[in-house]
Structures are given as C-alpha cells and as structure tokens.
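Chemist: Below, each chain spelled out in residue letters.
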Amino acid sequence: MLSIKNLKASINGKPILKGINLEVKPGEVHAIMGPNGSGKSTLASVLAGREIFEVTSGEVLLEGKNLLEMSPEDRARLGVFLGFQYPIEIPGVSMVNFMKTAVNEIRKYRGLPLLSSSDFLKLMREKKELVEIDSQLTNRSVNEGFSGGEKKKNEIFQMAMLEPKLAILDETDSGLDIDALRIVANGVNKLKRPDNATIVITHYQRLLDYIVPDVIHVLYNGQIVKTAGKELALELEEKGYDWIKKEYAV
Amino acid sequence: MSEVIKKSLVNDELVDAFRKNNAVIFEQTPDFINKLRSKYFNEFEALGLPTKKNEAYKYTDIESAFFGAYKRQYSPQPLTIDIREVFTCDVPELENHLMLVNGWFYDKENKLKLLPNGAIIGSLIEATKQFPELVEKHYGKYITEQNDSLSMLNMSFAQDGLFVYVPKGVIIEKPIQLINLIVATEELMIQPHNLIIAEEDSSVSVVICDHSLNPHAFLLNSTTEVMAGKNSKLEICRQQNAHDHSVQLTNTFILQKESSFVNSVYITLHGGTVRNNLYVKLSEPHAHNKSYGLWLADKNQHIDNNTFIHHAAPNCESNQLYKGILDNASTGVFSGRILVDRLAQKTIAFQSNKNLLMTNDAKTRSKPQLEIYADDVKCSHGSATGQLDEDAMFYLRQRGISKKEACHLLMLAFADDVINKISIAPLRDEITGLVEKRLRGELSRCNRCKVNCG
Numbered sequence: 706m707l708s709i710k711n712l713k714a715s716i717n718g719k720p721i722l723k724g725i726n727l728e729v730k731p732g733e734v735h736a737i738m739g740p741n742g743s744g745k746s747t748l749a750s751v752l753a754g755r756e757i758f759e760v761t762s763g764e765v766l767l768e769g770k771n772l773l774e775m776s777p778e779d780r781a782r783l784g785v786f787l788g789f790q791y792p793i794e795i796p797g798v799s800m801v802n803f804m805k806t807a808v809n810e811i812r813k814y815r816g817l818p819l820l821s822s823s824d825f826l827k828l829m830r831e832k833k834e835l836v837e838i839d840s841q842l843t844n845r846s847v848n849e850g851f852s853g854g855e856k857k858k859n860e861i862f863q864m865a866m867l868e869p870k871l872a873i874l875d876e877t878d879s880g881l882d883i884d885a886l887r888i889v890a891n892g893v894n895k896l897k898r899p900d901n902a903t904i905v906i907t908h909y910q911r912l913l914d915y916i917v918p919d920v921i922h923v924l925y926n927g928q929i930v931k932t933a934g935k936e937l938a939l940e941l942e943e944k945g946y947d948w949i950k951k952e953y954a955v
Numbered sequence: 097m098s099e100v101i102k103k104s105l106v107n108d109e110l111v112d113a114f115r116k117n118n119a120v121i122f123e124q125t126p127d128f129i130n131k132l133r134s135k136y137f138n139e140f141e142a143l144g145l146p147t148k149k150n151e152a153y154k155y156t157d158i159e160s161a162f163f164g165a166y167k168r169q170y171s172p173q174p175l176t177i178d179i180r181e182v183f184t185c186d187v188p189e190l191e192n193h194l195m196l197v198n199g200w201f202y203d204k205e206n207k208l209k210l211l212p213n214g215a216i217i218g219s220l221i222e223a224t225k226q227f228p229e230l231v232e233k234h235y236g237k238y239i240t241e242q243n244d245s246l247s248m249l250n251m252s253f254a255q256d257g258l259f260v261y262v263p264k265g266v267i268i269e270k271p272i273q274l275i276n277l278i279v280a281t282e283e284l285m286i287q288p289h290n291l292i293i294a295e296e297d298s299s300v301s302v303v304i305c306d307h308s309l310n311p312h313a314f315l316l317n318s319t320t321e322v323m324a325g326k327n328s329k330l331e332i333c334r335q336q337n338a339h340d341h342s343v344q345l346t347n348t349f350i351l352q353k354e355s356s357f358v359n360s361v362y363i364t365l366h367g368g369t370v371r372n373n374l375y376v377k378l379s380e381p382h383a384h385n386k387s388y389g390l391w392l393a394d395k396n397q398h399i400d401n402n403t404f405i406h407h408a409a410p411n412c413e414s415n416q417l418y419k420g421i422l423d424n425a426s427t428g429v430f431s432g433r434i435l436v437d438r439l440a441q442k443t444i445a446f447q448s449n450k451n452l453l454m455t456n457d458a459k460t461r462s463k464p465q466l467e468i469y470a471d472d473v474k475c476s477h478g479s480a481t482g483q484l485d486e487d488a489m490f491y492l493r494q495r496g497i498s499k500k501e502a503c504h505l506l507m508l509a510f511a512d513d514v515i516n517k518i519s520i521a522p523l524r525d526e527i528t529g530l531v532e533k534r535l536r537g538e539l540s541r542c543n544r545c546k547v548n549c550g
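Those protein sequence lines, which keep their order, are chains H and P.
Each residue of the first sequence is one higher than the last, beginning at 706 in this note's numbering.
Each residue of the second sequence is one higher than the last, beginning at 97 in this note's numbering.
Think of the hints as simulated: they come from the structure by calculation, not from any bench.
It is possible that some hints are incorrect.
No farther apart than 25 angstroms at their CA atoms in a straight line, the calculated lysine-lysine pairs in the PhoX-like style are these [what the hints assert, rightly or not]:
# : chain 1 : residue 1 : chain 2 : residue 2
1 : P       : LYS533    : H       : LYS813
2 : H       : LYS813    : P       : LYS500
3 : H       : LYS951    : H       : LYS730
4 : P       : LYS264    : P       : LYS386
5 : H       : LYS770    : P       : LYS386
Isolated chain H, as found in the complex:
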C-alpha cells in the first residue's frame, strides 16, 4: 500500500531524513519509535506534504501513486491522514463547517455524490459515538479551547469521518491520561480494516499496549535502524534508547 524508498528530506538545508525505506501493507499497523530529534515527526510531515521540508531524493508511493508530486490536499483526498502531534486551534471555523467541507471535498475527488446536510449530521453522530467524543466539542470552533486530550480525541474523530487509507498518528498518545489514551486507542482499533493501514509514531511503549502493531521500527538519526515485531517495544521500554544510540552512533 505504502512504499517509501530512500527518502531524504531537509529543512533549511539541514538534512533530517537520511534515506528512509518502509513498506506498509493493507491491514497492517506499523509503529515508529525512536528518541527525540530522530526525525519521526519530520517523516510524518513529509508524507503529508508539509512544504517547509524539502525532499531531496527518494520515492513515496501510495497504491502506486507518487505522493511527492501532490499537494497536501490531494494526498489527503487520496487517503493520507495525519493525526497531528499538536492539533491547531482555528477560532471562527466551526467543526461542523470544517468537517462538512473536508468530507465533501474528498467525496468530490473520489467521484461520490456530495452529502446533504442531514446525511452529514447523521454521519457526524455515528462517528462521534464510535470514537466516544463529547458531542459538545463538535459545536465549537476547531480545537478552540480544547484540552490536550480533547484535541487528540478530535483527531481520531476526524480520522473516523474521513476514512483514510493510510493514517499516520504523530505522537497521538503524548499528553493523554490513561482514560483518554484508551479512548483514542479504541478509536484507532475500531477504524482498522483489511484495506487500510496505520502508522503510529510514539515515544512510549504504553500506547502499544492498546494498539498492537504488526511491525515496530526504530528511527534514529534520520534512518530506520531496527525493524522487528511487537516484542521490540518491551525491550525499548526496559532498556531505553541508549543502546540504540551506542550501536548506531554517527
């Protein structure tokens, strides 16, 4: 489904990603772990098309289509969803208007008929229940005045609404208490299907108790230095990242 080959990217001339290779198949959950500053969030941003990063080489294909040539909105319409580490507050843009615009732009791109207001509201209700988000939140402006946990739940709600093929969750667990973490993880698990895939970026093993990955990668210094099964998370939790740093010291 997703194929990344030798992806290199830099910001202001400073290389951050130094040759990433990654294959994700439909139905899989991949976890990307690694110490601070290893390039995890940059990878997520580059995949989503953030323009401040310059891709210097490599290839990223989603179902055979070259993502790197596409605008952020076209990637989203094709099925790339980024769950933001720090969701943006947008005062004055209502959640309803935001989601309705997004859902219909994606439907338009996929050749589906636009949703009527009543169908849209019905869809909102269903998805709110699915991800257990407080129904008041969707009556407000996008993320405005939301707590850290509410913002993250809102990301999962948006993911449920947009039904992406590839969801990249960038440290969705950071700043969550255990109840919020459970809700967020449940949401992700419920949205899992044989034809979609998820990349979970996290610091801690904690989230992986709830979202069980098929594969774990360790990103360090802009490269994937280790790939293994879910047992790797436990090893990292126990030993920290120091041994990785030593082993792969620059």
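Based on the hints, put chain P in the right spot on chain H.
Modeler: Leaving out everything else, chain P in the frame of chain H:
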C-alpha cells in the same frame, strides 16, 4: 506648484458652490440650523479640506477624493424610477420603511412617523418643521470634535437625513433601518445629516446601509450625531456597500451619558475611498461603549478607520476591535486614540486592530494611541498585521480542503470576530453571507436589485 493650484481649486469650488446656492440651501431649513450652517461654513472656509499634512489625515488624500465633477442637489429632484420596485431589502425583521435617496426623504406619507409610544422616526427636515424645539435642542450639539473640517463641510451643506427620537423609557424592539441609496445618472456629492436621540432608559437599534444602484462616481460626506441618555441602550450598525468609484466619508459623534451602553459596528464591504471617523465621548460615569469595524478591500481601494474615544468621566468602559482584510494593491488604515482625562479614574479601555494582508502589494498602516492622565485605570491597545496562519492552512489542507477554500475559511473566521458583535441576528446572518460572497470575489448585492452594475 500645479498640485497646489489643483488642490486649492477643490476648496474654492466648494466655497463658491455654497455662496452661489445659499438661497436655496437656506430655504429648506429653519434659522437655528442656518445659523450653525453659517458658523461652520466660515470655519470651513478658513480651514479648507484636511490635507495630508494634518496628522489625522496623513494616509488618506481627502482633497484628491473631492476632485471630481460632482453635482449637488440643493433640493429634492424628481425621481425617474420607482425606488421601492428596484430595491427591496432582504433582511427580515428590520423596520424597512426608511429610505434616503440621494440624501432626501421622498416618501410623502411616511416622511415622519410618530409612533404611539411617542418615538419619532423619519426625515430630519420634516422634523424641523413639526418639532422645531426638539430638533433645535439637539442638532449640532454633539459635534464634540470641533476641528474636523469634513464635519464642518457637512454642517454647511447638510439638509435632510435621518431623525430618530426615542423618549424617556421607550424601548423600540425592532431595529430601524435607513437605506441610504444613491441612484443618479450623474456624479453626485451628497451630505446627509443624521440625528439620533435616545432619552433616559430608552433603547433602540439603528441600521444604516449605504448603497448605490448604479456605477457612477459619488461622494458621500455624512455626519451622524448620537445622544445616548442616562441608562439608554443603543446599537448603531452601518454597512457600506458601494463600488470602486465611490468616496464614502462618515463622521459619527456619540455622546454617552451616565450608565448608557452603545454598541457600534461598521462593516465596509465595498468602497473606492472610505474614511470613517468615530468620535465617542463618555461624558458621565459608568457609560460603556463598544465599537467595532471590519473592512474588506481589494484592487486599489483605500479604507481608513479613525476612532477617538474620550473618557471624560470615571468608571467608564470602552472596547474596540477593528479588523481589515486587504487583497491585491489595496490599502487600509486604522488610527485609534483613547484619551483618559485626569478625573476619569477606574477607566477600562481596550483597543485592538488586526489586519490580514493577502498579497505583497497590499498595505496597511496602524496607529493605536493611548493618552492617559488618570492614575487608576486599566487600558491596553495592540495592533497586529500578518498573513494567513501557515499552520492553520496546512491543517485544513491536510483534511482535503483546497488551498483556495482553506484561505476562504480562514478569512471568514477572521471577519467573523467582528460580524458576531452585531446583536441583530438576521442582520448578522445577512452580513455573514455578504462577506462570504465578497471574499469569494462575487458581487455581493444584498437586495433583489434589478439593476445590474459593477
């Protein structure tokens, strides 16, 4: 040298026009108005139009704005069209009975309405005939800023306009709407004068909509005097929606008595050159003023909002929020001054100006000023100018929303901050729709107007 001659010609032309036509001008209005007329004319003649050397007009070239082949009507002229047929306001719930056409009230039967509760609404000239003492008591009394030659000019030429009188304790539930319509086959200069008097414990909302029905250049130099009596509650909304060849100058004077509350919202949707002067005097304790402005400019339009809030008594509060969206090569100006007198202790005064620049060619100038002579006050002012938030843009686009649509959503959100200060719900909805269309670059006509013009 040639510049100087051209400019002084503008002043000479105005002075000559007044002298040549003063018989007709004086004929329309009673002595007490004409006395003020002569006084202000002498002052105008001595001072002339504001020049860019005048600090308050540094960024707006008023003299050039007056340079045009403007005609003036010194008495009502026959109308060639049935106004009510071509212009019907869409907004429900507005007392949509008042229409000033080219500065004149035309509706014979409805020129001045006397409501059962004692309120008087309608033509200023008609009010001077029926209630001379009442008008005399208030006319020209609230022009607190004496050095502004635009209001002097208005006082010299002013004839008709809106008169609203709300007696003590009377609450007018439905907003009063004045449609200030300009419809002419030639270039017009019009200078209406509005007088809004709200006595003690009264309440009223007045909506003034400036519109043009055809693309001819016009110059509107309008003065509005507002007296907010003790414990009164007023809302003044003005919606400016004309075209690129319009010059719209407004001078609004608000005098607030004890514990009065005034909410004023100015929305400039479309104008060639616009200058709005707002003068608020909080003359007695516990008066509260809220003033808001939103302007949308593109092409080469120029929109200048100038406020002066004078805290002349203790325990008063003022809040201001002024926002501009500037596209293409347009320019915006905000200049706001808060003056807190020495005896105006416990003043609360806030002022904020925010500007959104959509292109590298758009410009804005912002001059917030605080002048405080009291020592126990809470005041702040701030100004921020920038472009659309990159992070928010990316967030919206990551959800599949196109760049154009994301821009649009963010601009609307920026504008909504001011629009939602309008407390008249149907007007707020209408303005939201108009702003939306305007930001999309569609012609934002707010009526079922049959005349199509740019």
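Chemist: Does P:LYS500 sit within 25 angstroms of H:LYS813, going by the straight-line distance between their CA atoms?
Modeler: 16 angstroms, holds
Chemist: Would the hint linking P:LYS533 and H:LYS813 be met if the CA-CA limit is 25 angstroms?
Modeler: Measuring from Cα to Cα gives roughly 22 angstroms; hence the hint holds.
Chemist: Holds or violated: P:LYS264 with P:LYS386, Cα cutoff 25 angstroms?
Modeler: 22 angstroms, holds
Chemist: Has the given pair, H:LYS951 with H:LYS730, been kept, meaning a C-alpha gap of at most 25 angstroms?
Modeler: Violated: H:LYS951 and H:LYS730 sit about 31 angstroms apart, past 25 angstroms.
Chemist: Take a quick look at whether H:LYS770 and P:LYS386 sit within 25 angstroms of each other, Cα to Cα.
Modeler: 55 angstroms, violated
Hint compliance for this structure: hints 3 and 5 are not met, and every other hint is.
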